[in-house]
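Colleague: The chain contents come next:
Number of protein chains: 2
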Amino acid sequence: MVNVNNLIKKVRKQPLIKNEKVIIKKKDATKEWFAFLRDEICKDFLALEKEFVKKNSVKPYANKPEPKFEKKRWNRQGGGGGTMSILRGELFEKVGINISTVFGEFSKEFRSQIPGAEKTGKFWASGISLVAHMGNPKIPAAHMNTRFLVTGEGKNKKFWFGGGCDLTPMVIDKKAKNIFHFGLKEMCNKHDKKYYNRFKLWCDDYFFLPHRNETRGVGGIFFDYLNNSNWEKDFLFIKDVGLSFNKIFKEIINERMNLKYTQKDKTLQLEKRGRYVEFNLLYDRGTIFGLKTGGNSEAILMSLPPNVSWI
Amino acid sequence: MVNVNNLIKKVRKQPLIKNEKVIIKKKDATKEWFAFLRDEICKDFLALEKEFVKKNSVKPYANKPEPKFEKKRWNRQGGGGGTMSILRGELFEKVGINISTVFGEFSKEFRSQIPGAEKTGKFWASGISLVAHMGNPKIPAAHMNTRFLVTGEGKNKKFWFGGGCDLTPMVIDKKAKNIFHFGLKEMCNKHDKKYYNRFKLWCDDYFFLPHRNETRGVGGIFFDYLNNSNWEKDFLFIKDVGLSFNKIFKEIINERMNLKYTQKDKTLQLEKRGRYVEFNLLYDRGTIFGLKTGGNSEAILMSLPPNVSWI
Chain B
390 MVNVNNLIKK
400 VRKQPLIKNE
410 KVIIKKKDAT
420 KEWFAFLRDE
430 ICKDFLALEK
440 EFVKKNSVKP
450 YANKPEPKFE
460 KKRWNRQGGG
470 GGTMSILRGE
480 LFEKVGINIS
490 TVFGEFSKEF
500 RSQIPGAEKT
510 GKFWASGISL
520 VAHMGNPKIP
530 AAHMNTRFLV
540 TGEGKNKKFW
550 FGGGCDLTPM
560 VIDKKAKNIF
570 HFGLKEMCNK
580 HDKKYYNRFK
590 LWCDDYFFLP
600 HRNETRGVGG
610 IFFDYLNNSN
620 WEKDFLFIKD
630 VGLSFNKIFK
640 EIINERMNLK
650 YTQKDKTLQL
660 EKRGRYVEFN
670 LLYDRGTIFG
680 LKTGGNSEAI
690 LMSLPPNVSW
700 I
Chain E
390 MVNVNNLIKK
400 VRKQPLIKNE
410 KVIIKKKDAT
420 KEWFAFLRDE
430 ICKDFLALEK
440 EFVKKNSVKP
450 YANKPEPKFE
460 KKRWNRQGGG
470 GGTMSILRGE
480 LFEKVGINIS
490 TVFGEFSKEF
500 RSQIPGAEKT
510 GKFWASGISL
520 VAHMGNPKIP
530 AAHMNTRFLV
540 TGEGKNKKFW
550 FGGGCDLTPM
560 VIDKKAKNIF
570 HFGLKEMCNK
580 HDKKYYNRFK
590 LWCDDYFFLP
600 HRNETRGVGG
610 IFFDYLNNSN
620 WEKDFLFIKD
630 VGLSFNKIFK
640 EIINERMNLK
650 YTQKDKTLQL
660 EKRGRYVEFN
670 LLYDRGTIFG
680 LKTGGNSEAI
690 LMSLPPNVSW
700 I
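In order, the protein sequence lines correspond to chains B and E. Position 143 of the first sequence, counting from 1, maps to 532 under the numbering used here, and the rest follow consecutively. Position 41 of the second sequence, counting from 1, maps to 430 under the numbering used here, and the rest follow consecutively.
Honestly, the hints are just simulated from the structure, not real lab data. The reader is advised that the hints may include incorrect statements.
Given that identical chains are not distinguished, each listed pair holds provided it fits within a single copy or across any two copies.
Derived pair list, reagent style DSSO-like, types lysine-lysine, alpha-carbon separation capped at 27 Å [unchecked claim]:
hint, residue 1, residue 2
1, K653, K457
2, K444, K639
3, K681, K497
4, K453, K655
5, K544, K414
6, K582, K399
7, K457, K655
8, K461, K653
9, K460, K653
10, K402, K415
11, K655, K461
I would like the entire structure built from these sequences, with the hints used as guidance.
Modeller: Here you go:
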């Protein structure tokens with residue numbers, strides 16, 4: 390397994406920053422990137438949704454409301470805010486994409502856990518987070534998140550990237566798993582031959598429900614505290630995670646959007662979504678941390694599925 | 390508000406037990422009581438379900454499978470076990486009643502939180518827990534739990550009762566709230582004139598979702614560490630909580646089971662149930678404690694609603 394403590398130590402050991410303007414540029418560049426990626430994904434998902442509805446809808450297309458992402462701005466008490474974009478459709482039963490840039494001070498109880506924030510608690514974070522719950526149970530649910538964090542003050546700032554993406558099939562489905570992992574491996578290998586294996590294991594370890602003795606899905610990649618002392622290189626990787634996720638997930642959707650499914654598949658999907666809820670509310674660090682540190686609950690809980698059942 | 394620390398101190402100060410057999414008798418009596426109460430409630434709820442189906446079902450009653458509580462025994466790794474009884478019907482969309490008697494040792498991280506368990510971690514607990522999710526959104530969801538706890542070893546044992554019951558209306562509904570609270574107040578007053586106000590406030594305080602700034606429902610009563618140095622008196626109160634809950638909730642069901650409702654009411658119900666899930670997985674002490682100490686996850690999560698939605 391990845392030794393997280395070593396990564397945290399490495400982040401803590403980052404040298405003093407010579408010129409603070411460099412950090413401002415990094416912040417601006419990542420923030421802009423997350424907004425650009427959001428726009429790209431929204432455009433592509435919306436095109437898929439329209440294509441699907443045109444072809445499959447019982448009602449004539451002209452009589453239907455045009456599918457669209459509804460956008461909603463939110464502010465964070467304590468500093469910053471973000472924008473949620475939600476599409477509630479037929480192919481995409483519910484897909485939410487949230488971008489946010491938040492800053493402020495961590496409360497004392499959290500400071501020791503966050504490298505660089507030990508003394509003053511100061512932090513700045515920007516990121517994108519996406520969860521897609523599909524209408525057709527033969528298309529897996531998908532999750533993607535990438536983020537850039539800066540902690541500390543003045544020249545004594547620390548920064549790193551985190552993120553990942555993973556797939557949760559609703560009915561057993563090896564093909565989608567293979568497409569997803571093959572694509573991620575190919576992408577990771579372009580950046581570092583060690584990444585895929587390391588981040589795949591980390592993902593398997595993270596998305597696990599001990600009380601059910603079950604994995605949440607079929608994994609993907611997961612990473613945190615990414616800082617190779619080469620910010621440009623790391624940022625290229627972060628960009629590639631977002632773009633490749635979009636490309637691979639669209640491939641999976643295209644390949645499966647017209648598959649027939651039974652009532653049994655649908656029932657299984659609603660049950661499996663229950664496990665998704667259990668994971669997010671019981672274990673997901675981001676969710677629990679966000680809710681307990683005054684985050685915007687609507688934006689945080691946007692990831693919860695539209696329809697769920699516990700039999 | 391109730392000063393919980395004072396109650397815990399009082400539990401810790403319990404005198405040494407002169408004769409250990411007295412505790413065995415208490416354990417047997419409570420365990421038997423919880424099983425008896427379960428049988429009573431199952432019988433009454435099943436009669437209501439049958440009455441409803443006979444009157445309202447579209448299909449002829451003779452062609453339907455007979456409504457029944459399905460029973461399932463479960464064992465707890467570490468010691469003890471219980472029985473779940475679940476009815477999945479039309480009036481009762483899903484009602485689960487769980488009785489359990491578990492024992493063993495708390496792990497070191499939990500011991501300091503539990504009076505009497507500080508040294509060896511030894512505990513014994515028996516209880517009944519009920520959650521009813523109703524088909525008709527005009528009937529509130531209901532929760533009831535009573536339990537008896539014994540901690541420590543030899544003559545140095547400590548014991549107390551805990552429990553309560555509360556109502557979660559799905560659509561705004563003052564009448565059910567009034568019936569519920571009036572009934573509970575009348576019952577409490579028979580035992581101690583201070584109980585109702587104290588336990589009502591404790592309930593309001595407990596069933597609150599900070600991240601939504603919402604209460605879970607309209608409350609009821611909630612109490613813990615109940616030990617008035619008169620075990621028989623306390624046990625009578627515990628019995629009365631169970632029996633009165635059954636009586637009052639049946640009254641509410643009878644009064645509302647034939648009310649008409651709209652699709653909008655149903656949608657609201659599914660959304661409101663989402664809050665129920667959020668509370669149970671994010672805040673409920675019993676759920677989190679149970680899942681993290683090797684409890685039976687099927688029995689613990691039996692409380693989750695059959696159908697839920699997050700829009």
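Colleague: Is it within, between, both, or neither for K655 and K461, if the alpha carbons may be no more than 27 Å apart?
Modeller: between (30 Å within a copy, 26 Å between copies)
Colleague: Measure nothing new, just compare the shortest in-copy and cross-copy C-alpha distances for K444 and K639 to 27 Å and report within, between, both or neither.
Modeller: Intra 17 Å, inter 50 Å, cutoff 27 Å: intra-copy only.
Colleague: Go through the copies and call it for K461 and K653: within, between, both or neither, with a Cα cutoff of 27 Å.
Modeller: Answer is between: at 24 Å across copies they meet the 27 Å cutoff, but 35 Å inside does not.
Colleague: Is it within a copy, between copies, both, or neither that the alpha carbon of K681 lies no farther than 27 Å from that of K497?
Modeller: Classified as both; 13 Å inside a copy, 25 Å across copies.
Colleague: Quick one: K453 to K655, C-alpha cut-off 27 Å, is that within a copy, between copies, both, or neither?
Modeller: The answer is both: 24 Å in one copy and 24 Å across copies each meet 27 Å.
Colleague: Treating 27 Å as the Cα threshold, decide for K544 and K414: within, between, both or neither.
Modeller: Intra 15 Å, inter 69 Å, cutoff 27 Å: intra-copy only.
Colleague: For K457 and K655, with the copy left unspecified, which applies at a CA distance of at most 27 Å: within, between, both, or neither?
Modeller: both (25 Å within a copy, 25 Å between copies)
Colleague: Given a CA cutoff of 27 Å, do K402 and K415 count as a within-copy pair, a between-copy pair, both, or neither?
Modeller: within (19 Å within a copy, 60 Å between copies)
Colleague: Evaluate K653 and K457 at a C-alpha cut-off of 27 Å and name the case that applies: within, between, both or neither.
Modeller: Between copies, since 23 Å is at most 27 Å while 30 Å is not.
Colleague: With 27 Å as the alpha-carbon cut-off, assign the pair K582 and K399 to within, between, both or neither.
Modeller: Close inside one copy (20 Å), not across copies (62 Å); limit 27 Å.
Colleague: Can you tell me if K460 and K653 fall within 27 Å by alpha carbon in one copy, between copies, both or neither?
Modeller: Between copies, since 24 Å is at most 27 Å while 34 Å is not.
In this structure, every one of the numbered hints holds.
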